[in-house]
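Start from the sequences, fold in the hints, and give me the full structure.
The lines below spell out each chain.
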Amino acid sequence: MATATAKSSTGSAEFADDPVNRDLDTDTKIGFYRAMVRIRHFEQTALKHYQQEKMGGFLHLYIGQEAVAVGTISLCGDNDHIITAYRDHGHALAVGMSMEECMAELFGKRTGCSKGKGGSMHFFAPDKNYWGGHGIVGGQTPLGAGLAFALKYKGLKGACLCYLGDGAVNQGAYHESLNLAALWNLPVIYIIENNMYSMGTSQARSSAYPSCLAERAEGYGMNWDLFNGESVYEIRAKLKPHLDRAHDDHLPSILEIATYRYYGHSVADANAKKYRSKEEIEKYQNEHDPIKVWENILIDEGVFEADDAKEINRAAKDEADASARYADNSPLPDVSEITDDVYYEVDKGTEAGRTGRHFFND
Amino acid sequence: MRTITYREAIREALAEEIERDENVFLIGEEVAQYNGAYKVTEGLWKKYGDKRVIDAPISEAGFLGMGIGASMLGLRPVMELMFWSFCYVAMDQLMNNASSVRYMSGGLIHCPIVVRGPANGGTNVGATHSHTPENIFANMPGLKVVCPATPYDAKGLMKSAIRDNDPVYVMESTVLYGQTGEVPDNDEIEGGELIVPLGVADVKRQGDDITLVAHGRAVLTCLEAAAILADEHDIEAEVVDLRSIRPLDQDTILESVRKTGRAIVVEENKPFCGIGAQIAYLIQHEAFDDLDAPVLRLSSIDAPAIYSPPVEKKQLPYPSQIVDKALSIC
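Protein chains in written order, with the working numbering: chain A, 1 to 362; chain B, 363 to 692.
What the hints contain is simulated information worked out from the structure, not anything from laboratory work.
Worth double-checking, as some hints may not be accurate.
[Claimed, not checked] Using 20 Å as the maximum straight-line C-alpha spacing, the simulated EDC-like pairs for lysine to aspartate or glutamate come out as follows:
hint : chain 1 : residue 1 : chain 2 : residue 2
1    : A       : Lys48     : A       : Glu100
2    : A       : Lys152    : B       : Asp383
3    : A       : Lys292    : A       : Glu280
4    : B       : Lys621    : B       : Glu598
5    : A       : Lys154    : B       : Asp613
6    : B       : Lys408    : B       : Glu392
7    : A       : Lys152    : B       : Asp417
8    : B       : Lys413    : B       : Glu392
9    : A       : Lys154    : B       : Asp383
10   : A       : Lys157    : A       : Asp244
11   : A       : Lys154    : B       : Asp417
12   : A       : Lys29     : A       : Glu311
13   : A       : Lys292    : A       : Glu279
14   : B       : Lys566    : B       : Asp593
15   : B       : Lys675    : B       : Asp652
16   : B       : Lys401    : B       : Asp417
17   : B       : Lys409    : B       : Glu378
18   : A       : Lys154    : B       : Asp412
19   : A       : Lys152    : B       : Glu598
20   : B       : Lys632    : B       : Glu598
21   : A       : Lys152    : B       : Asp412
22   : A       : Lys157    : B       : Glu384
23   : A       : Lys154    : B       : Glu381
24   : B       : Lys413    : A       : Asp249
25   : B       : Lys409    : B       : Glu392
Here it is as structure tokens:
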């Protein structure tokens, strides 16, 4: 398999000296650790409550991939924007959304980030430059080009990080987006989080490609790279030049980041343990877990000690548990609110919203 | 009052909105340097330049989705489909992203886009190029659909659509682009510009005996039928032009039916789950006691659009059919 498979359990420590990493202070490094740990505990807690039937629908867990969202988003500035697919909890927490609003959304509560109207796959926080959370595989990729188009149109120095999975790379909308991004020099960076499985179908059984999925960029004359996603240092170091090119020259890129999910495509994935071996999963958990990798780096660097890591984990678990209690105790949306948030003009009570019949319930 | 064509009326609306709001831009296949496949955007690229009038590759899912994404950051793209028949390759963008992004975000986002282009049969281009998908999109909450029949309405509705903060799908007609009609100059209008609000129907002809409800080109067919009914049968038909499918002006429909007691809903769409089905339901539900006859429908013959030019004319509603239907209940 021609992906950048995990290299070492110490996770590319050589990138620590990259200009984007060497001046990181202790608090920031610990902050990355805390951010990843919070994502993991949030999702583990969500899984527990999913199994207790506190929520419905799908639950696509990001566990195992945390360094990708935390590492990439850590480089984003005020005019950088984020959009992803349905495995969206990690990015949501990484941009600064609260566990409470996210957990309440999973529970289908009015206090959820989308008032219980979006669910697991549809988290949004435009105030944090986070544009979802999109359920259809590849459907968000033209939107990502559009966010980049708008930045350029407005003369802002920014970029859009548009995430997709390795299973999305064969969708037509994605290829149309690549063509537009390259044709018009849109500052969008497509980040393929390659967890090796398109639901239950391996990359080898689903995609035709030269050496890797990102290399398809050659066909559009775009920059690309392939790298390992277990180290925050490496992710930041490898993203930075592409982000700079997007900011300075409006150039798009495709970055393929090798990663791994420990759980099934979703929690409802009946064959989660059939299309790959237990040994494969354990190998990643033991040798390439992004949180363990980062923890080891920080301990090696003397940034913190094992006990500090434990304390951060304990706090994150407490926060996640508290968010579940908050979600459980929150009110459901009222049936009368089903037809709110459909039309802007109706919601705002404008003249347009008061003219003509918008809903046809009887 | 001056007379201009339907395509000129749309062009005026586009130009005025480009000048009014820096966030408005046009994008579509051949809209810029080629001057528009149907010349609706003729001259606009030359006048407003690359930033505001953009030629897109043949890539509907790509550029429509891109426009939806750009609208989330405050731009107001007006996106041309060369034919609405091409919408199906972009359906995920049109039916999932544009319609639902506001809802799924609990109202945090809105999507002020316009998608416009011709949606009509009758030009012998076969089944793939003759779609009229207004019923499909009007079925989706979050979307708005308008179908102007006259130059006046085309201009006024287009300006409202561009200013609307929800996604508005404007379905025009290649058959109507060359039709002329009275459209006032802006200096003849109070307020200085022509605005036709969404959700307001228009009574195109007054009559007391039967109501003909239609949208798009079917309105003109109904007006022809109404003239025949008056001249040859002493029946005065009232023609209600919906103009806007969703939001829908049900009051104007019901007011007319309560007066006439009879109604035929005419459309160039297919019959099953067409706009007429919804209107007929609405009339029987709201005005049952005022009806003197069953509500009738007339649509295109229920098959994909036939190519054969003389026969296609008979697949779409034509005046004598409406006359016959009217005589059957009057």
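Now for the hints, and whether the structure bears them out:
Taken as a hint, the A/Lys48 and A/Glu100 pair is honoured in the structure, with Cα atoms around 16 Å apart against an allowance of 20 Å. Among the hinted pairs, A/Lys152 with B/Asp383 is consistent with the structure: their alpha-carbon atoms are about 17 Å apart, no more than 20 Å. Between A/Lys292 and A/Glu280, the direct Cα distance comes to roughly 17 Å. Compliance with the 20 Å bound is thereby established for this hinted pair. At roughly 12 Å between alpha-carbon atoms, B/Lys621 and B/Glu598 fall within 20 Å of each other, so this suggested pair holds.
Of the supplied pair hints, the one linking A/Lys154 and B/Asp613 is violated, its CA atoms being roughly 42 Å apart against a limit of 20 Å. Between B/Lys408 and B/Glu392, the direct Cα distance comes to roughly 13 Å. Compliance with the 20 Å bound is thereby established for this hinted pair. For the proposed pair A/Lys152 and B/Asp417, the alpha carbon gap of about 17 Å is at most 20 Å, so the pair holds. Of the supplied pair hints, the one linking B/Lys413 and B/Glu392 holds, its CA atoms being roughly 15 Å apart against a limit of 20 Å.
Between the alpha carbons of A/Lys154 and B/Asp383 the distance comes to roughly 13 Å, so the proposed pair stays at or under 20 Å and holds. This hinted pair checks out: A/Lys157 and A/Asp244 have alpha carbons roughly 10 Å apart, not beyond 20 Å. Proximity of A/Lys154 to B/Asp417 is assessed by CA-CA distance (about 19 Å); at most 20 Å being required, the pair is judged to hold. Between A/Lys29 and A/Glu311, the direct Cα distance comes to roughly 15 Å. Compliance with the 20 Å bound is thereby established for this hinted pair.
Taking the CA atoms of A/Lys292 and A/Glu279, the gap is about 18 Å. The hint holds against a cut of 20 Å. With a CA separation close to 17 Å, the supplied pair B/Lys566 and B/Asp593 stays within the 20 Å bound. A threshold of 20 Å between alpha carbons decides the hint, and for B/Lys675 with B/Asp652 the separation of about 34 Å lies outside it, so the pair is violated. Taking the CA atoms of B/Lys401 and B/Asp417, the gap is about 14 Å. The hint holds against a cut of 20 Å.
A hinted pair counts as satisfied when its Cα atoms are at most 20 Å apart, and B/Lys409 with B/Glu378 qualifies at roughly 12 Å. A threshold of 20 Å between alpha carbons decides the hint, and for A/Lys154 with B/Asp412 the separation of about 14 Å falls inside it, so the pair holds. A hinted pair counts as satisfied when its Cα atoms are at most 20 Å apart, and A/Lys152 with B/Glu598 does not qualify at roughly 57 Å. Of the pairs offered as hints, the one joining B/Lys632 and B/Glu598 is violated, with about 27 Å between alpha carbons and a cut-off of 20 Å exceeded.
Between A/Lys152 and B/Asp412, the direct Cα distance comes to roughly 13 Å. Compliance with the 20 Å bound is thereby established for this hinted pair. As the CA atoms of A/Lys157 and B/Glu384 are separated by approximately 19 Å, the hinted pair is consistent with the 20 Å bound. For the given pair, A/Lys154 sits about 16 Å from B/Glu381 by alpha-carbon distance, which is consistent with the 20 Å threshold. Of the pairs offered as hints, the one joining B/Lys413 and A/Asp249 holds, with about 17 Å between alpha carbons and a cut-off of 20 Å not exceeded.
A threshold of 20 Å between alpha carbons decides the hint, and for B/Lys409 with B/Glu392 the separation of about 16 Å falls inside it, so the pair holds.
Hint check: violations occur at hints 5, 15, 19, 20; the rest are consistent with the structure.
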